[in-house]
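Take these sequences, add in the hints, and give me the full structure.
Under the UniProt record's numbering, think of the first position of the sequence shown as 1, with each following residue one higher.
Check the hints yourself; a few may be wrong.
Taking lysine to any residue pairs in the SDA-like style, the calculated list, with each CA pair at most 25 Å apart, reads [said to hold, decoys possible]:
{"id": "1", "residue 1": "K200", "residue 2": "G188"}
{"id": "2", "residue 1": "K151", "residue 2": "A179"}
{"id": "3", "residue 1": "K60", "residue 2": "S33"}
{"id": "4", "residue 1": "K32", "residue 2": "I45"}
{"id": "5", "residue 1": "K112", "residue 2": "R99"}
{"id": "6", "residue 1": "K155", "residue 2": "P172"}
{"id": "7", "residue 1": "K199", "residue 2": "E189"}
{"id": "8", "residue 1": "K194", "residue 2": "L173"}
{"id": "9", "residue 1": "K155", "residue 2": "P171"}
{"id": "10", "residue 1": "K194", "residue 2": "P183"}
{"id": "11", "residue 1": "K151", "residue 2": "A141"}
{"id": "12", "residue 1": "K151", "residue 2": "P172"}
{"id": "13", "residue 1": "K155", "residue 2": "A140"}
{"id": "14", "residue 1": "K155", "residue 2": "G185"}
{"id": "15", "residue 1": "K155", "residue 2": "A179"}
{"id": "16", "residue 1": "K194", "residue 2": "A182"}
{"id": "17", "residue 1": "K151", "residue 2": "Y167"}
{"id": "18", "residue 1": "K155", "residue 2": "E170"}
{"id": "19", "residue 1": "K54", "residue 2": "E64"}
{"id": "20", "residue 1": "K155", "residue 2": "T174"}
{"id": "21", "residue 1": "K155", "residue 2": "P138"}
{"id": "22", "residue 1": "K54", "residue 2": "K32"}
{"id": "23", "residue 1": "K112", "residue 2": "P138"}
{"id": "24", "residue 1": "K155", "residue 2": "K200"}
{"id": "25", "residue 1": "K151", "residue 2": "P138"}
{"id": "26", "residue 1": "K155", "residue 2": "E136"}
{"id": "27", "residue 1": "K204", "residue 2": "E189"}
{"id": "28", "residue 1": "K155", "residue 2": "E145"}
{"id": "29", "residue 1": "K155", "residue 2": "A192"}
{"id": "30", "residue 1": "K193", "residue 2": "Y175"}
{"id": "31", "residue 1": "K155", "residue 2": "Y175"}
{"id": "32", "residue 1": "K193", "residue 2": "Y167"}
{"id": "33", "residue 1": "K151", "residue 2": "R165"}
{"id": "34", "residue 1": "K151", "residue 2": "E186"}
{"id": "35", "residue 1": "K151", "residue 2": "L173"}
{"id": "36", "residue 1": "K151", "residue 2": "E170"}
{"id": "37", "residue 1": "K155", "residue 2": "P178"}
{"id": "38", "residue 1": "K199", "residue 2": "A179"}
{"id": "39", "residue 1": "K200", "residue 2": "E189"}
{"id": "40", "residue 1": "K151", "residue 2": "A140"}
Because the hints were derived from the structure by calculation, they are not lab data.
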Amino acid sequence: MTIDRRILVLATAVAGLSLSGCVSSPTYGTDKSAGEQLFDDVSNIIPLGSANKKAPIEYKPRPELVRPAAGQTAHLPAPQDKVTGSGNAAWPESPEQRRQRMRAEATENRDKVGFRPSISPAVPGASSANLYENYEAPTAAQAREQVQQAKRELKTQTVGSADQRRYLSEPPLTYRQPATTAPIGEQGEDEAKKERARKKAASKSKSFSDYMPWN
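This is the structure we're talking about:
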């Protein structure tokens, strides 16, 4: 069926070419008539040869491995230690390991007076109600100290420290030192007071003399 279709297309192209040969047609600067250009386009779209014929693949030999020269093997860098293994000291503790460690700690110290486990120990008879009864609320002084500690930690994280650089995104410590001519310790006038004074001066009613042209 494919061969018949190719023959039909070829016959149509040849017929068109023969008819165009009888009548002179312009080349439009391509040195080819319209029929010749049509025949070339059709032959490029539909190959007239065998369908199984393919261009041969040019195989090239694989290049050799680049090996170090003689005597340079000892100068190669040593392999890097595996830092992603669980045996690393900086490897984070998984939730399962943390739960198991805290339960073992609570079970070991359950008979000690004053010991407060972080979670319920893995022993029978323990319940959240018993832990709630033994819970002691912090005093007012302890609560204030916790609030102040949280504020100090938040300020350190957001503002930074004058004598310690924690992140590379923070400016160097020398940039944080004030100049010798800087007014250190002078708070100046409060901006809220300045704003109130400006509003008061703007809202002050004008007298009759203010509208006189000679003022």
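The hints, checked one at a time:
Note on K200 and G188: the hinted pairing holds, with a Cα-Cα distance of about 20 Å set against a maximum of 25 Å. With a C-alpha separation of about 28 Å, the suggested pairing of K151 with A179 is violated against the 25 Å cut-off. The straight-line distance between the Cα atoms of K60 and S33 is roughly 43 Å, outside the 25 Å bound, and the hint therefore fails. Pair hint K32 plus I45 holds up; C-alpha atoms about 18 Å apart against a cutoff of 25 Å.
At roughly 20 Å between alpha-carbon atoms, K112 and R99 fall within 25 Å of each other, so this suggested pair holds. As the CA atoms of K155 and P172 are separated by approximately 18 Å, the hinted pair is consistent with the 25 Å bound. About 16 Å separates the Cα atoms of K199 and E189, which keeps this hinted pair within 25 Å; it holds. Restraint check: the Cα-Cα separation between K194 and L173 comes to about 33 Å, which exceeds 25 Å; the hinted pair is violated.
Among the hinted pairs, K155 with P171 is consistent with the structure: their alpha-carbon atoms are about 16 Å apart, no more than 25 Å. Our distance criterion of 25 Å between C-alpha atoms is met by K194 and P183, whose separation comes to about 20 Å. This hinted pair checks out: K151 and A141 have alpha carbons roughly 15 Å apart, not beyond 25 Å. Taking the CA atoms of K151 and P172, the gap is near 24 Å; set against the 25 Å cutoff, the hint holds.
The straight-line distance between the Cα atoms of K155 and A140 is roughly 23 Å, inside the 25 Å bound, and the hint therefore holds. For the hint pairing K155 with G185, the CA-to-CA distance comes to about 19 Å; that is within 25 Å, so the pair holds. Taking the CA atoms of K155 and A179, the gap is about 23 Å. The hint holds against a cut of 25 Å. For the given pair, K194 sits about 22 Å from A182 by alpha-carbon distance, which is consistent with the 25 Å threshold.
A threshold of 25 Å between alpha carbons decides the hint, and for K151 with Y167 the separation of about 20 Å falls inside it, so the pair holds. Annotation: proposed proximity of K155 to E170 holds, straight-line Cα distance about 14 Å (limit 25 Å). A threshold of 25 Å between alpha carbons decides the hint, and for K54 with E64 the separation of about 30 Å lies outside it, so the pair is violated. For the hint linking K155 to T174, the alpha-carbon distance of about 20 Å falls within 25 Å, and the restraint holds.
For the hint pairing K155 with P138, the CA-to-CA distance comes to about 24 Å; that is within 25 Å, so the pair holds. At roughly 29 Å between alpha-carbon atoms, K54 and K32 are farther apart than 25 Å, so this suggested pair is violated. For the hint pairing K112 with P138, the CA-to-CA distance comes to about 21 Å; that is within 25 Å, so the pair holds. Between K155 and K200 the CA atoms are separated by roughly 36 Å; this puts the pair beyond 25 Å, and the hint is violated.
Of the supplied pair hints, the one linking K151 and P138 holds, its CA atoms being roughly 18 Å apart against a limit of 25 Å. This hinted pair does not check out: K155 and E136 have alpha carbons roughly 29 Å apart, beyond 25 Å. Among the hinted pairs, K204 with E189 is consistent with the structure: their alpha-carbon atoms are about 22 Å apart, no more than 25 Å. Under the criterion of a C-alpha separation no larger than 25 Å, the hint pairing K155 with E145 is consistent with the structure, at around 15 Å.
Only pairs whose Cα atoms come within 25 Å are accepted, and K155 paired with A192 is accepted, the gap being roughly 23 Å. For the suggested pair K193 and Y175, the alpha carbons sit about 31 Å apart, so the restraint of at most 25 Å is broken. Distance restraint check for K155 and Y175: the Cα-Cα separation of roughly 19 Å lies within the 25 Å cut-off, and the hinted pair is therefore satisfied. For a cut-off of 25 Å, the pair hint linking K193 to Y167 is broken: about 37 Å separates their Cα positions.
Proximity of K151 to R165 is assessed by CA-CA distance (about 19 Å); at most 25 Å being required, the pair is judged to hold. Distance hint between K151 and E186 is fulfilled; the C-alpha atoms sit about 24 Å from each other, no more than 25 Å. A distance of roughly 22 Å separates the Cα atoms of K151 and L173; the hinted pair therefore holds under the 25 Å criterion. Pair hint K151 plus E170 holds up; C-alpha atoms about 20 Å apart against a cutoff of 25 Å.
For the given pair, K155 sits about 20 Å from P178 by alpha-carbon distance, which is consistent with the 25 Å threshold. At roughly 35 Å between alpha-carbon atoms, K199 and A179 are farther apart than 25 Å, so this suggested pair is violated. As the CA atoms of K200 and E189 are separated by approximately 17 Å, the hinted pair is consistent with the 25 Å bound. Among the hinted pairs, K151 with A140 is consistent with the structure: their alpha-carbon atoms are about 17 Å apart, no more than 25 Å.
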